[in-house]
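Protein chains in written order, with our numbering: chain A, 175 to 514; chain B, 175 to 514.
Rather than coming from a laboratory, the hints here were simulated on the basis of the structure. Incorrect hints may have been included.
One copy or two, either will do: identical chains are not told apart, so a pair holds if it fits within one copy or between any two.
The calculated SDA-like cross-link candidates involving lysine to any residue, where the alpha carbons are at most 20 angstroms apart (straight line), are [what the hints assert, rightly or not]:
id, residue 1, residue 2
1, K375, N402
2, K447, F282
3, K447, Q420
4, K498, H370
5, K447, E281
6, K375, R389
7, K447, Q279
8, K205, K498
9, K447, Q278
10, K447, G390
11, K447, Q223
12, K205, R190
13, K447, R280
14, K447, A224
15, K447, L222
16, K498, R187
17, K498, D310
2 protein chains.
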Amino acid sequence: MYATVMHGPGDVRYERVEDPSILKPTDAIIKLSATCICGSDLWPYRGLQAQNGPAHMGHEYCGTVVEVGAAVRTIRPGQFVVGSFCLSDNTCPHCQFGFQSSCQQREFMSGAQAPYARVPLADGTLVATAEMPDADMIPHMLAVSDVLGTGWYAADAAGVREGGTVVVVGDGAVGLMGVLAASQMGAARIIAMSRHPDRQKLARDFGATEIVEERGEDGIARIMDMTNGIGAESVLECVGMEQSMQQAMGICRPGGTIGYVGVPHGVNLDGQKLFFNQQRMLGGPAPVRRFLPDLMDRVLQGRIQPGRVFDLVLPIEQVAEGYKAMDERRAIKTMLRVDA
Amino acid sequence: MYATVMHGPGDVRYERVEDPSILKPTDAIIKLSATCICGSDLWPYRGLQAQNGPAHMGHEYCGTVVEVGAAVRTIRPGQFVVGSFCLSDNTCPHCQFGFQSSCQQREFMSGAQAPYARVPLADGTLVATAEMPDADMIPHMLAVSDVLGTGWYAADAAGVREGGTVVVVGDGAVGLMGVLAASQMGAARIIAMSRHPDRQKLARDFGATEIVEERGEDGIARIMDMTNGIGAESVLECVGMEQSMQQAMGICRPGGTIGYVGVPHGVNLDGQKLFFNQQRMLGGPAPVRRFLPDLMDRVLQGRIQPGRVFDLVLPIEQVAEGYKAMDERRAIKTMLRVDA
Chain A
175 MYATVMHGPG DVRYERVEDP SILKPTDAII KLSATCICGS DLWPYRGLQA
225 QNGPAHMGHE YCGTVVEVGA AVRTIRPGQF VVGSFCLSDN TCPHCQFGFQ
275 SSCQQREFMS GAQAPYARVP LADGTLVATA EMPDADMIPH MLAVSDVLGT
325 GWYAADAAGV REGGTVVVVG DGAVGLMGVL AASQMGAARI IAMSRHPDRQ
375 KLARDFGATE IVEERGEDGI ARIMDMTNGI GAESVLECVG MEQSMQQAMG
425 ICRPGGTIGY VGVPHGVNLD GQKLFFNQQR MLGGPAPVRR FLPDLMDRVL
475 QGRIQPGRVF DLVLPIEQVA EGYKAMDERR AIKTMLRVDA
Chain B
175 MYATVMHGPG DVRYERVEDP SILKPTDAII KLSATCICGS DLWPYRGLQA
225 QNGPAHMGHE YCGTVVEVGA AVRTIRPGQF VVGSFCLSDN TCPHCQFGFQ
275 SSCQQREFMS GAQAPYARVP LADGTLVATA EMPDADMIPH MLAVSDVLGT
325 GWYAADAAGV REGGTVVVVG DGAVGLMGVL AASQMGAARI IAMSRHPDRQ
375 KLARDFGATE IVEERGEDGI ARIMDMTNGI GAESVLECVG MEQSMQQAMG
425 ICRPGGTIGY VGVPHGVNLD GQKLFFNQQR MLGGPAPVRR FLPDLMDRVL
475 QGRIQPGRVF DLVLPIEQVA EGYKAMDERR AIKTMLRVDA
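This is chain A alone, in the form it adopts within the complex:
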């Protein structure tokens, strides 16, 4: 088959590769209904993250099971499934504790920007629907796999509660999903920090009650002003840069919580500052598996439309353009159609 391979910074190709096959008895092979490009794929694309040789890209996926290994018990060919970008057995102590993204057998998904993909630890990782969903559900189900699951975890980690005040730092796809999550969790006030009109509009559609365009020290001052000098109870840090983390720390009230889901790049925290700020912090790769059944239900019941975050849809052959559009910020998030 053809699939997406990154050969180096800026060099993404849709090229001939070997068909995926069952390598371990716990694997499944799925035929993808659609796939997409993640903000984290831009780190190596921009040369900001070292890469050893060509990489099979893609870790967000949903589709139909076509084959399973001999040890797979609960997943069957013909089922429509969604999985997480973190592969987990869902039985180890960390999984049972709700942190499947730290599973003792954890692997990270790869090779999903393709018509077919191998999913290791299929029983633990995949969640099947009762019926084949309608075609218009596909973008929303795909979003659950990573971007919504990650935004949801950010809100969960930040302790968002009914009636609470939430600030979302970062207006990328994950930040927008964080807004949606906070809204679903019943936050009274959701302030999205964004300076792009199209993203502001989407943030409002997803439930943001206020928008702050300023960033850095000005952004901090604005939020403090809006909260009577108190700061926010829950802050979602959805970027992973030094500036965004400092911004989050500048606006979180003492005893409040920062949920951070942007993989930190060059972020260093001074212990004493952290101490006197007295903010709770929880980050990490999202344990999407914990949230999958609930989020899939919300999608199927029509309560949320997370797939609206895809503002560019391309046939998978044009994946290189999809990367370029996101790199140049012409697109928030690119969905790739797989019509094979």
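Put chain B on the given structure of chain A with help from the hints.
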């Protein structure tokens, strides 16, 4: 009166000072029943924390109110009171949120290693008992003021729950109080990391179920072994050094929580490591005021004897020896008798 003044590293004197007096209408003056020396007093004593000129030492206190300012409403002369080392109004949004140690009017107590002391923000800071406690209650009531309150906060911040597994890093007075707190909160397993036989004994008396003598990498390996490779759900970091923080991070399970109460000195946290460790963290100066009524009740009901942490009792005139004994680790914590 005479009081404790630190003139520089290693130079503590009990010398003539001005009597404390009401400076603001919200102040109270108390006659101390007893006072003590804090582990944090050793930072400047050891020259590890800059100090500008002579400092009136002491921030742990209980005693009888002798005078109140014109604006004090709830505290009256003659009452026995305990207060926190953090002075707070107990009415601002941060106080109402349970984080009185980040009160918008926060000050830090000083000058309590003396027969009399001024307590600012008396209404918000002090908690009075219904009756004058018996003399044998004084060490326990004094301990509530900081060392127990801080250990309790460490356990609270670390999310200690009934049936949970807890590790306490640091066998100083605060760590030992963390053990007591975890025990009161119903933890099933409390592992104290300690290499001193006398402290191990006290830890067991306070509720530790196991002792680990190893530290650093060996200590981490031992704890991981004891928890089947999982790590602990709640870790209390009661030291504040780089090594102790790394130890705490090495033994906390993903999704678990580190409550850290040792003021970090030279601690730097790598954002990416923190992220992938996926541990919740909450630190800061303890909001002792939140816990005061409950902890004072526990003492008065005879359910806890936190004052057992004082293993050296001296008349306040010998305060210099009290510092020396703690500096040389001959004493865990020194109580100072005030018989004036």
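How the hints compare with the structure:
In this assembly of identical chains, the alpha carbons of K375 and N402 never lie at most 20 angstroms apart, being 26 angstroms within a copy and 49 angstroms across copies at closest. When the C-alpha separation of K447 and F282 is checked against a cutoff of 20 angstroms, the pair qualifies only between copies, where the shortest distance is 17 angstroms, while the shortest distance within a copy is 33 angstroms. For a Cα distance limit of 20 angstroms, the shortest separation of K447 from Q420 qualifies both inside one copy, at 11 angstroms, and across copies, at 17 angstroms. When the C-alpha separation of K498 and H370 is checked against a cutoff of 20 angstroms, the pair qualifies only within one copy, where the shortest distance is 18 angstroms, while the shortest distance between copies is 61 angstroms.
Proximity of K447 to E281 under the C-alpha cut-off of 20 angstroms is restricted to the inter-copy arrangement: shortest distance 17 angstroms between copies versus 34 angstroms within a copy. When the C-alpha separation of K375 and R389 is checked against a cutoff of 20 angstroms, the pair qualifies only within one copy, where the shortest distance is 18 angstroms, while the shortest distance between copies is 53 angstroms. Only between protomers do K447 and Q279 lie at most 20 angstroms apart by alpha-carbon distance; the minimum there is 19 angstroms, versus 35 angstroms within a single protomer. In this assembly of identical chains, the alpha carbons of K205 and K498 never lie at most 20 angstroms apart, being 26 angstroms within a copy and 72 angstroms across copies at closest.
With identical chains, the CA atoms of K447 and Q278 are at most 20 angstroms apart between copies only, with a shortest distance of 17 angstroms across copies and 33 angstroms within one. For the identical chains of this complex, K447 and G390 are intra-copy neighbours only, at 17 angstroms inside a copy versus 24 angstroms across copies, given an alpha-carbon limit of 20 angstroms. For the homomeric pair K447 and Q223, the shortest alpha-carbon distance between copies (16 angstroms) is at most 20 angstroms, but the shortest distance inside one copy (28 angstroms) is not. Proximity of K205 and R190 under a CA criterion of 20 angstroms is satisfied intra-copy only: 17 angstroms inside one chain copy versus 84 angstroms between copies.
In this assembly of identical chains, the alpha carbons of K447 and R280 lie at most 20 angstroms apart only when taken from different copies (17 angstroms versus 33 angstroms within one copy). Taking CA atoms no more than 20 angstroms apart as the test, K447 paired with A224 passes between copies only; the shortest distance there is 17 angstroms, against 31 angstroms inside one copy. With identical chains, the CA atoms of K447 and L222 are at most 20 angstroms apart between copies only, with a shortest distance of 17 angstroms across copies and 28 angstroms within one. Proximity of K498 and R187 under a CA criterion of 20 angstroms is satisfied intra-copy only: 12 angstroms inside one chain copy versus 70 angstroms between copies.
Neither within a single protomer nor between protomers do K498 and D310 lie at most 20 angstroms apart by alpha-carbon distance, with minima of 26 angstroms and 75 angstroms respectively.
Of the numbered hints stated above, those contradicted by the structure are hints 1, 8, 17, listed in ascending order.
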